[in-house]
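Enquirer: So for the sequence shown, our numbering puts the first residue at 477; every next one is plus one.
Among the hints, a few may not be true.
With a straight-line cut-off of 27 Å between C-alpha atoms, the simulated DSSO-like cross-links for lysine-lysine are [as the list claims (entries may be wrong)]:
{"#": "1", "residue 1": "831", "residue 2": "780"}
{"#": "2", "residue 1": "674", "residue 2": "1026"}
{"#": "3", "residue 1": "792", "residue 2": "1026"}
{"#": "4", "residue 1": "769", "residue 2": "792"}
{"#": "5", "residue 1": "792", "residue 2": "866"}
{"#": "6", "residue 1": "586", "residue 2": "517"}
To be clear, the hints were calculated from the coordinates, so they are not data collected in a lab.
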Amino acid sequence: MNKQTFTGGCPRWLLLSFVWLIITTSAYAQQNETSADTTDKVVRIIRFAGNDNVGDTTLEMLIRTQTNREFLGISRFTPWYFIWKLTKKFGEPPSLLNRETVANDIQRIKQYYKTVGFLDATVDTNIVEFKKDRVEVSFLIKEGQPSTIETIAYTGMPAFEDTTRIPRFYNRSPLTRDRINDSTFIHNRRYSENALVKERDRIITFLKNNGFAAVQNDSVSVLMKRDPANKQQLDALFTINPGRKYTFGDLRISLAGPEDPANFADQDTVQRPSLTTDNHVMYLEKDPATQTKFSLLTDQVLFKPGDTFNNSLYIKTVNEFQNLGMLTVRQFGLSEDGSLPDYSKEELPAMFALKSLPKHSVNLNVFGMHRYGFGSGAGLTYTNNNLFGKAENLKLSLNGSFEYVSSETVREISSGTSDSPIEGSFFQSFDSRIEYSLPRLNFPFSFLDDRTYFTNAYTRYGLSFSRSDQLLFDINSDIRFNIRYEVQHNNRFSSFLDLIELNLLDTNPSAEFRRSLQEEFGEDSFEYQRILEDFRPQVSSILRYTFQSKRTDLIKRNYGYFSEYSAAIGGNIPYLSDRFLVTPDTLEGNLPPLIPSSQNSLSYSRFFKGTADYRRYVPISNSGVFSYRGFMGLALPYGNSNSVPLNQRFYAGGANDIRGWSIYSLGPGAIPLEDVTINGGEIKLLAQTEVRQRFISNFLSANWIAAFFSDAGNIWYGPRTQFPSASEGASNITLEQQRTLQRGKFYFDEFYKQIAVGSGFGFRLDWEYLVARFDFAFRVHDLQDGWFNNKKLYFSFGIGHSF
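Using the sequences provided together with the hints, build the complete structure.
Expert: Spelled out as structure tokens, the structure:
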């Protein structure tokens, strides 16, 4: 969640407090490594010379010789060290010269140069005392010429019955180009030790997945041969010793109950073609207290006893057990008792020792709340883990709350439209939810469950009902039903399919709410009808597919990327009901009331919606990151619909969006917030950049990070959004109102002028599992004030990085 507060200007006391907080980080003390080679001289400067092909930032990450921490990266500005000099107690003690550490740094630099192809690089050091007890450490590097690998060859690769397997393996290598012969290929690239190590690991993985279980790192070596005519040109030869080939032996699975000691009273022996081959068997045993079916255990096994050994299927089977969520894996191994494998035999038996978690749990919580007034509530959640014995999870939750709103608040929110006395009121709410999930794909996608790319999957069903008394309108009933399929294809790719997301909302706007709209816009106005349409009883449905690709730490976000793409179609279920069930001969555009006693028919909209979100995180130093994000969203009504449901539109502004504007306060287009009558938009464009640099390490158990950012974007009404004119009978709509509404619509020759831009600075407190964010933003391009005319500073707070 993000909490955001905007003020007309940043208080001076807040800025002064921030500066004082930075200076008082002298409470942190950092001890340097000490040894017999430590001197009494302080390292003030570190330089690198001759490193034309490797940046200073990379080399700084390699060495252990360090200066004291510099504030905001300003050279030799080390306030924590100077505070220590004054107090001898607080701050950071001096970073002393250690000659042994310098010698080790020389070896680290030389080794790194070898990994990137400079095999003949030499490194020396020069230590100069430029002031009493103050030294400069210089690393003098002679890189030499980079070496090139001309050819890549393989020898010792075993033969397979499928003669195409080895050629396919060679062709998929990132190192091989044109073929010279069956096992030799042109490479013609700079020597890279990392690339050679990855290729060795690829060979080991290939062999382990094809029966050669005993292969280790020393089973694959790389021999380098220099060209006599040019010592910088090399030929690489992978020599492979695969050893013998193995098959899976018998399999033993035991499932203990949640309590010790285990009682394995239920036992079974399985031997059938779908699970085993030849005369091999599965030995199964479990505690009756687990209330688990043996078929659940056998369904998670991705290999057959008797088949050729495949290490990937073996490890994925372990993951399958872990992903069930109702047990833990206590032990697993390639032996009957979990000891080290016996590679002297041709078969490797496998075992998995499992333990189930408690089946029933109840959670009670009591909470306070403050919205329009003060209130309280309570919630009760019951969880049944492994409901029917195949890792099904059932969760039932009930929540209720009440809130007292004073008469003054009621009159203020209702704009004081009522002349009669207004009394304070209690507002109540209640909601219940049922969630049912299975750790596998269910109908109609169950046929994919056994495929390796879909083994880590969940099917989730949800049904909820809620009702609440609101200040301006009551929610008589809000019913939601959802069927979702989640698949973690691998560590990088994920898919989410919302097959059905159905929402039935029956609301009842208050008389004060209607009267306020009538006085502001007029009863016959377009705005009045459109706002009531947004809040009237309605039914909506979504069919949505979302694909995620990520290679980053989702908390730190300091390398790699994250991307998400989604496509959705909405409104088809109510449309089909209207077209073929309710009134087969007439398309009315709405459905009958959900509750027979209700007089409110249910409206619906049909629409397409698509989003694309890409984020990149580029390290620019050993403690700095440059990040950027691009987002594009489009929602278009179709058929007889000319609007998108309120909860499916796009919004702009906020701590995780365009900073400088509060949440949902920007757009559509250039319409000022006070003139917006149709909330949200059907088109959204967003671009964000941020530079983050750590300037304090491990103070208050957190890293302190300075940030500079720029955000740009907006939302607009879509091309199908219609605005009536005076000639169409909308007598209460003035030309000025019509022009205001048109300012929110997307036009290719105008939209770029309506891009809002916010920029500023901030800092983050980065703990291991939490990032607290403080941002100060200026409106560089305010759509009402223009470029650089808004001098106010806006503050926002958030949890986690903005993107």
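Enquirer: Are any of the numbered hints broken by this structure? If so, which, sorted upward?
Expert: none
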